[in-house]
Amino acid sequence: MKTIFCSLLTLFLAVLSGCSGPQGPEVAPVSGKVTLDGLPLNGALVTFYPQDGRPSMGTTDSSGSYALNYTRDQPGAIVGDHIVRITTGLVSGEETQKVKETVPAKYNSQSELTASVSKDNNTLNFDLKK
Amino acid sequence: MKRNAFTLIELLVVIAIIATLVAILLPAVQQAREAARRSTCKNNLKQIGLALHNYHDTFNTMPPGTMRTSHLAWSCLILPNLEQGSLYDAIAATGAFNAQAADNTPSWDAITDLTTTGNRLASSVIPSYICPSDGGKNVNDRLRAEIPSGSGTYYSFGKSNYVGSFSALYNNTDPVATNAGSDRPTVFYENSNVKFADFTDGLSNSFLVTEREERIGSGPAGSLWIGYHSNPGAAIGLTIEEFQVRFRVERVSNDTDYIINGDSVYNPSSKHKGGAQFLMGDGAVRFVGENINLRQYAAIGTINGSEVIGEF
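First to last, the sequence lines map onto chains A and B. One gets the working numbering by counting positions in the first sequence from 1 and adding 1 to each. One gets the working numbering by counting positions in the second sequence from 1 and adding 1044 to each.
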């Protein structure tokens, strides 16, 4: 009797374990440091645009460090190749550009920067040159 | 040995199984409730779609997104088509629809019969404009107005969770770029009169209306069904007050401010998990996931961009 109960319970739990799974595209954590001519770049928006899907973004702090967010509750970026844009010419919402862009256009509007996000933790540092 | 009672072990196992079952079931019940709320929200959008089509049948044009002088929104003008004819007539009786730039007639928030006295018509609650997932009150406290300005007295007006499409990013040459191209007006802009014939992309391939949640504290501030006003306080800047009732589908600059369920006050957002619902021009309601490719999203947003749109 006991054996039947125990085996039933085990089977039940084994079936249960199949009930959850990952949802949406595969996302991996991304963080790193941005420097401009060797100096940490403060307050820059780092955006990763995947080939297909939602972009991820993060803002650098005074030490130039950033961490990407995919959605509000999910950190990271979609696994795969990205075009990276780094800009300091941030406009808040509907306003027109007020803050001066200090990063050359080849890193933002005409970006030549790319990055590859792998399945594990990613540390991607960008050393920008004027 | 014949026994007619359970042993302790058997009892414990049974209790454990029941406990596990309950543990699985409870979240499932929550999900079922959310699914029901989402389909109510979908029905709201469907009704709005039917009302817009009926409006178009009557006037051969879509309602204006916002009216230049009275600041009333499209959602106020289609009230008769949502079986709110008596409310519409009451608003008309206050003279809100007579506002004209020429004689400087005031905007709706300056008409006291709508805002502060009597029936306070602008605070009326219209269930068709409220997504049940949004929770909170049926009046919008984030977009409350200080009347008169500087008095410290605030009034909240009837909430809407549905905002009209204002512009979309057009870029037919670069399939990847999201910060190049131009912003094209779509359906609901100031004094607009877009006709179905203007949807050269096809009604079923263009957004009309989407959701805007009222997030507590900061971020998306919901909407008002009657229109936008000029005292929205900290929730939304004065120069962009029209965004109380409209949204952009991507933009040539700042594109990351316009993603679905982002943190800005200009984007589509909902409390439904993983995306937001969109009313298409043909009256269909589609759930668009927040993972959608930005270019494709912008391509659906335009009404006359001739983009090739894949499955979404």
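One thing to keep in mind: the hints can contain errors.
Here are some of the chain B residues that sit facing chain A, going by a computed Cβ distance under 7 Å [to be verified]:
1) N1216
2) T1217
3) T1300
4) E1334
Derived from the structure by calculation, the hints contain no laboratory data. Note that beta-carbon positions come from the ideal geometry of N, C-alpha and C, so glycine has one too.
Each hint, compared with the structure:
1. N1216: violated, 18 Å
2. T1217: violated, 15 Å
3. T1300: holds, 5 Å
4. E1334: B:E1334 check passes; min Cβ-Cβ to chain A is 6 Å, inside 7 Å.
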